[in-house]
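Sequences are here, hints too, so could you generate the full structure?
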Amino acid sequence: MRRFLSDLVAGALLAFALLPALSFGTASAQEARTVVARTVAMGADRARLTLEFSDGSDLVVGLEGGEVRVDGEAVGRYEVGGALEESWRTLVARTVQLDDEDLPRALVEWTPPEELDGDAAAVAARIDALMAGRFDTATVRARAEALAREADQLGRLDGLESLALLSRLEVLAGLEDVVQEMDDSDLRVVVDDHLEIGAGIEIEGSVLVVDGSLDLLGTVRGDVLVIDGSVDLHPGSRITGTLNLFDAEVDNDGGEVAGGIEVLEDVRRDREQELRSEILREIRSEMDFDTRGGPNWSSPFRAIGGAFGNILGTLVNVLVLGALGAALFHFAGQNMESVAEVARDSTGRAAVVGLAGGALVLPVFILGIVGLAVTIVGIPAILLWVLLFPAAVLVAGLMGYLAVARNLGVWLKRQRYGFTDWIRMTNPVTLVFGGLFALAAPFIVGEVLGIVGFLGVLEVLLVITGFSMSVFAAAVGFGAVLITRGGRKPEDWGAEFFTRRWPGRGSGSWGGSWKSAGDTAQEAAATATEAVWTATEATDEMTTEVDEEIREAAQEAEEAVHDVAEEIDEVLDDAEESVHETLNDSEAELERKRREYTEGTDHPDGPETESEGEGPAHD
Amino acid sequence: MTDLRHWTLGAFLAGALAFPAVLPEEASAQEWETFSSSRAVGDVARLDVRVRYGAGHFRVRPGKSGELYDVRLEYDASQFDPVLDFDGRRLEIGTDAHSRNINVKDDAGEMMLELSREVPTELLLEFGAVRADLDLGDMTLSELDVQTGASETTLDFSAPNRARMRSAEFQVGAADFKALNLGNLNADRLEFSAGVGEVVLDFGGDWSQDLEVNVAMGLGSLEMHIPEGIGVRLNKDSFLTSLDAPSMVEDGDRYYSENWDEAERRMTIDIDAAFGSIRILRTR
Chain A
0 MRRFLSDLVA
10 GALLAFALLP
20 ALSFGTASAQ
30 EARTVVARTV
40 AMGADRARLT
50 LEFSDGSDLV
60 VGLEGGEVRV
70 DGEAVGRYEV
80 GGALEESWRT
90 LVARTVQLDD
100 EDLPRALVEW
110 TPPEELDGDA
120 AAVAARIDAL
130 MAGRFDTATV
140 RARAEALARE
150 ADQLGRLDGL
160 ESLALLSRLE
170 VLAGLEDVVQ
180 EMDDSDLRVV
190 VDDHLEIGAG
200 IEIEGSVLVV
210 DGSLDLLGTV
220 RGDVLVIDGS
230 VDLHPGSRIT
240 GTLNLFDAEV
250 DNDGGEVAGG
260 IEVLEDVRRD
270 REQELRSEIL
280 REIRSEMDFD
290 TRGGPNWSSP
300 FRAIGGAFGN
310 ILGTLVNVLV
320 LGALGAALFH
330 FAGQNMESVA
340 EVARDSTGRA
350 AVVGLAGGAL
360 VLPVFILGIV
370 GLAVTIVGIP
380 AILLWVLLFP
390 AAVLVAGLMG
400 YLAVARNLGV
410 WLKRQRYGFT
420 DWIRMTNPVT
430 LVFGGLFALA
440 APFIVGEVLG
450 IVGFLGVLEV
460 LLVITGFSMS
470 VFAAAVGFGA
480 VLITRGGRKP
490 EDWGAEFFTR
500 RWPGRGSGSW
510 GGSWKSAGDT
520 AQEAAATATE
530 AVWTATEATD
540 EMTTEVDEEI
550 REAAQEAEEA
560 VHDVAEEIDE
570 VLDDAEESVH
580 ETLNDSEAEL
590 ERKRREYTEG
600 TDHPDGPETE
610 SEGEGPAHD
Chain B
0 MTDLRHWTLG
10 AFLAGALAFP
20 AVLPEEASAQ
30 EWETFSSSRA
40 VGDVARLDVR
50 VRYGAGHFRV
60 RPGKSGELYD
70 VRLEYDASQF
80 DPVLDFDGRR
90 LEIGTDAHSR
100 NINVKDDAGE
110 MMLELSREVP
120 TELLLEFGAV
130 RADLDLGDMT
140 LSELDVQTGA
150 SETTLDFSAP
160 NRARMRSAEF
170 QVGAADFKAL
180 NLGNLNADRL
190 EFSAGVGEVV
200 LDFGGDWSQD
210 LEVNVAMGLG
220 SLEMHIPEGI
230 GVRLNKDSFL
240 TSLDAPSMVE
250 DGDRYYSENW
260 DEAERRMTID
270 IDAAFGSIRI
280 LRTR
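The listed protein sequences correspond, in order, to chains A and B. Its first residue numbered 0, the first sequence is counted upward by one per residue in numbering that gives the first Met the number 0. Its first residue numbered 0, the second sequence is counted upward by one per residue in numbering that gives the first Met the number 0.
Hints in this document: simulated from the structure, not taken from any laboratory. As the structure is a computational prediction, the values presented were derived from the model and not from experiment. Built from N, CA and C at the ideal position, the CB exists for glycine as well. The reader is advised that the hints may include incorrect statements.
Unchecked claim - Here are the computed distance ranges between Cβ atoms for each label pair:
| hint | chain 1 | residue 1 | chain 2 | residue 2 | range |
| --- | --- | --- | --- | --- | --- |
| 1 | B | Q208 | A | V79 | 57 to 67 angstroms |
| 2 | A | D265 | B | E211 | 51 to 61 angstroms |
| 3 | A | D191 | B | R165 | 44 to 54 angstroms |
To be verified - Interface residues of chain B toward chain A, partial, derived using beta-carbon atoms under 10 angstroms:
| hint | residue |
| --- | --- |
| 4 | E30 |
| 5 | W31 |
| 6 | T33 |
| 7 | S35 |
| 8 | S36 |
| 9 | R38 |
| 10 | G41 |
| 11 | A44 |
| 12 | D47 |
| 13 | L67 |
| 14 | R71 |
| 15 | P81 |
| 16 | F85 |
| 17 | V248 |
| 18 | G251 |
The structure is reproduced here in C-alpha cells:
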C-alpha cells in the first residue's frame with residue numbers, strides 16, 4: 000500500500016512537472032507557431048535540442064547522462080546506448096540540417112522505437128507528444144503531403160529519356176550485377192538531365208542517373224547509380240543504400256550514405272578480368288574438345304580458321320627446318336651423309352641409342368655441372384657448359400632429324416609418285432624438303448579432316464601418327480649423330496669403343512653382330528654409359544690435376560715458410576750474439592771502471608778527478 | 000613611428016592577452032562534442048557579432064537566405080566550452096577555454112560560421128592559434144575588425160560588400176595573413192597593423208569608392224597587389240625597411256603611380272614600418 004502511495008505521489012509530481020509543457024502544447028496546437036532558432040548540443044553523454052519559437056516560447060529536450068530532461072527538469076530515465084537514445088540522436092542530428100519548413104515535420108513524425116517497453120516507452124511517448132503538441136499538425140500534414148506529391152513526380156521517364164536510355168543499354172548491361180541489386184519497385188530515372196531532390200523529400204526506391212546530375216538535399220531510401228554524371232550531396236541529405244558511381248563524380252558536403260560509396264570502374268575492371276578468364280577457359284576447352292575429335296558445330300568458321308592457321312604454322316616449320324637442312328648439307332655435307340648412312344643402315348640401333356642418349360642428356364648435363372663445380376678451377380667453365388651443352392644437343396638433334404628427313408625424301412622419290420617429281424636424288428635439299436613434307440603430312444591432313452566435325456577421330460589418329468613419326472625420326476637421327484660423333488666417326492665406332500673398353504667381353508660378341516636387337520640395346524646403353532664414363536674420367540683427371548696443383552702449391556708454401564723461419568732463426572742468432580757481445584763489453588767496461596774507481600779511492604786526489612767526468616756516481 | 004609602436008604593441012597584446020596560453024603540454028583525453036545553432040533573421044534589423052575562437056580551424060562564409068546565423072562547432076570538451084549568446088541585437092559566439100593553458104594538436108577542433116547576407120552587421124573576429132578561412136563576400140558588413148594571434152589567415156571578399164563600410168581594421172600578431180579582393184570591401188578606410196609575419200594584401204575586386212589605407216608593420220614582409228587601373232599614392236615613414244615599388248615615381252617621401260592624376264579610383268597608402276620589406280605590385 001505504501002509502495003502504491005509513493006508511486007502515486009511520484010506520478011503526480013511528474014505530471015505536475017510536465018503539465019506546463021503538455022498543457023501549453025495542447026493549447027497552442029492550433030497556432031501557426033514556427034521555429035526561429037534551434038540549438039543542438041551533442042556529446043558522449045548528452046543529446047540536447049533547444050527550440051525557440053516565433054511566439055517567444057522555447058523548448059529544451061535532452062537525453063543527458065541517463066536522464067530525460069525537459070526544460071531543465073528530469074522527467075524520466077533512459078537506457079544509455081539503448082534504442083531510445085539512438086533514435087533521439089538521429090532525430091536531433093537531422094534537425095541541424097533541415098530547413099525551417101521541414102523541421103516541424105521531422106519532429107512531429109518522429110516516433111519512439113517500437114522495442115521500448117515499460118518506463119522507457121512511457122517517457123518516449125511523452126517526448127513524442129511534446130513534439131507533436133508544439134506544432135500545428137495540419138500545417139505539418141499539408142507540408143508532408145506536398146512533399147510526397149513532389150517526390151512522386153521526380154525522376155519519371157518521358158519518351159525522349161527512354162530513347163536516350165536505350166542508347167546506353169550497353170553500359171547498363173556491363174553493370175548488370177549492380178542494376179539487378181537495385182530496388183526497381185519505384186525506380187526513378189534521369190537521362191541527360193538534372194534532378195534535384197529537395198530538402199524534406201524522401202524517395203522510396205532507387206535512383207538511376209545517366210549522363211546527368213543529381214543534387215540531393217533530401218533522402219533516397221534505396222540505392223543511387225550515377226553513370227557518366229555527377230552527384231552533389233548537400234548537408235542533411237541521406238542515401239540509405241549504396242551510392243554507385245560509374246565514370247561519375249561525387250561532391251559530398253555533409254551528406255550521409257549508409258551503404259557507402261562504390262566506384263564501379265573497379266567493379267567493371269574485375270568483371271572484365273572475369274570475362275577474359277571465362278573466354279580463355281572457353282577457348283582452352285574448345286581446343287581440348289577439338290583435339291579429342293569432338294564435334295564443333297557451333298563454330299565452323301572458327302574451326303576452318305584454326306585449321307588453316309595450324310596448317311600454315313606446320314608449313315612454316317617445314318620451310319624453316321628445310322632451310323636449316325640446306326645450310327647443314329651445304330656446310331657439313333659429309334657429316335650429314337655419314338649420319339644419314341647410319342640412320343638408314345642401322346635404323347634400329349640408332350633409334351635405341353637415340354632414345355637412350357635422349358634420356359641421358361639431362362643427367363649428363365647435371366653431372367657435367369657438378370663435375371666442373373667439384374674441381375673448383377672448373378667453376379668458370381660452368382657457364383660455357385650450361386650454354387654450349389644444350390646447344391650441342393639441339394644441333395645434334397637437328398642434324399639427325401634432317402638426316403632422317405633426307406632418307407625419307409630418298410624413299411619417297413623411289414616410290415615414283417607423281418607429286419615427287421620436284422625431288423632430285425642428287426640434290427639433298429630437295430630430299431630434305433621431301434622428307435619434311437612427308438613427316439608433316441599427317442598433321443596437315445589431320446587438320447583438314449578436323450574441319451569436318453565427324454572426322455575428328457581420323458584427325459586424332461593422324462596427329463598421333465605424325466607425332467610418332469617425328470619422335471621416331473628424331474630418335475633415329477639423334478642416335479645416328481651420337482654413333483657417328485656428329486658424322487665424323489665411321490659407322491662401327493661404337494664397336495671399337497666397346498672392344499677397347501671391355502676387352503673381356505670379346506670383340507666378337509660386341510663388335511660383330513650388330514643386327515641383333517639385344518646387341519643393339521646393349522651397345523646403345525654402352526654408348527650412353529661411355530658418355531657418362533668419359534665425363535667421370537674427365538672429372539677425375541681434372542680433380543687429379545687440381546689436387547696435384549694444390550699439393551705443389553702447399554709444398555712451395557711450406558718451403559717458403561721454412562726459408563723464412565730459417566732466416567728468422569739466423570736473424571735471431573745474430574741478434575743474440577750481438578746482445579751477448581754488447582753485454583760482455585759492458586761487463587768488461589764496468590769491471591774496468593770499478594777497478595779504476597777502487598784504485599782511485601786508494602789515492603787522495605782520486606775521487607775529485609773522477610767526479611768531474613762521467614763517473615760512476617752519476618750512473 | 001608612434002603609430003607603429005602603438006599598433007605593434009597592440010597586436011602583440013591582443014595575441015598575448017586575448018587568449019589563453021597555447022602550450023604543447025600533455026592534456027587529458029580529448030572529449031569531442033558538437034554544438035550547432037542556427038536562427039532565422041526574423042525581425043532582426045542590425046547585428047553585432049563578436050567571435051572569439053582560441054584554437055582550431057575557423058571558417059566564415061555567407062549564409063543562406065533568411066538565415067541570421069548558423070554555427071557548427073566541433074570542440075574538445077575537456078578544454079573548451081561553447082559560447083553562444085544572442086540578445087536580439089548582439090551575438091557572441093565561440094569557445095571559452097577552461098584554463099589559460101590549452102593543448103593544441105593537429106586536430107584542434109573546427110568552427111564554421113555562416114552569417115546573414117542581408118542584415119547589416121558589425122563583425123569583430125578575434126582568434127588565436129587558428130587556421131582561418133574567411134569568406135566575407137556578399138555580406139552586409141558595416142564594420143569589420145579582425146584581430147589575430149599566431150594564426151594563418153586567408154580572408155577573401157569574394158563578392159562586393161553590400162554595405163558601405165566606414166572602416167575596416169586588421170590587427171595581425173605573429174601570423175601569415177592573406178587578404179584577397181579587398182577592392183570589394185566597399186570601405187572608406189582600412190587600418191592594417193602587423194607584428195611579425197608575412198602579409199599579402201590584394202586589392203582586386205570591384206572598386207566602388209576611393210580607399211585610404213594605413214599600414215603599420217613591425218618585422219616581416221608586406222606585399223600589396225593593386226590593380227593597374229587604381230591611382231596610388233604612397234607615403235612612407237620607415238626605419239630599415241626596403242620598399243620595392245617599380246611602377247611608382249618617387250617625389251620626396253611620396254611615391255605616385257603614373258596614373259594618379261587621371262585614375263577613376265584612387266588609393267592612398269600611409270606606411271609606417273620598421274625592419275621589414277614592402278613590395279607594391281600592380282596587377283591586371
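Comparing the hints with the structure gives:
Separated by about 60 angstroms at the C-beta atoms, B/Q208 and A/V79 satisfy the suggested range of 57 to 67 angstroms. Between A/D265 and B/E211 the C-beta distance comes to about 59 angstroms, which sits within the given range of 51 to 61 angstroms. Evaluation of the 44 to 54 angstroms hint for A/D191 and B/R165 yields a pass: the beta carbon distance comes to about 52 angstroms. Hint status for B/E30 relative to chain A: holds, with the closest Cβ pair at about 6 angstroms, below 10 angstroms.
Interface hint at B/W31: satisfied, since its Cβ lies 8 angstroms from the closest Cβ of chain A, which is below the 10 angstroms cut-off. A least Cβ separation of about 5 angstroms between B/T33 and chain A falls short of the 10 angstroms threshold, and the interface hint therefore holds. The interface hint given for B/S35 is met, as the beta carbon of that residue sits about 4 angstroms from the closest beta carbon of chain A, less than 10 angstroms. Because the closest C-beta pair between B/S36 and chain A is about 4 angstroms apart, less than 10 angstroms, the hint holds.
Interface restraint check: B/R38 against chain A, minimum CB-CB distance 4 angstroms, threshold 10 angstroms, status holds. With 10 angstroms as the threshold, the beta carbon of B/G41 comes within range of chain A, its nearest partner Cβ sitting at about 5 angstroms, so the hint holds. The beta carbon of B/A44 comes no nearer than 15 angstroms to any beta carbon in chain A, farther than 10 angstroms, and the hint placing it at the interface is violated. The interface hint given for B/D47 is violated, since its Cβ lies 17 angstroms from the closest Cβ of chain A, which is over the 10 angstroms cut-off.
Using the Cβ-Cβ criterion of 10 angstroms, the hint placing B/L67 at the interface with chain A is satisfied: the shortest such distance is roughly 8 angstroms. At its closest, the beta carbon of B/R71 sits 7 angstroms from a beta carbon of chain A; the interface hint therefore holds under the 10 angstroms criterion. Here the hint on B/P81 is kept, as its CB sits about 7 angstroms from the closest CB of chain A, short of 10 angstroms. Annotation: interface hint on B/F85 holds; nearest CB of chain A at approximately 8 angstroms, less than 10 angstroms.
Of the supplied interface hints, the one on B/V248 is violated, with its beta-carbon coming no nearer than about 49 angstroms to a beta-carbon of chain A, more than 10 angstroms. At its closest, the beta carbon of B/G251 sits 54 angstroms from a beta carbon of chain A; the interface hint therefore is violated under the 10 angstroms criterion.
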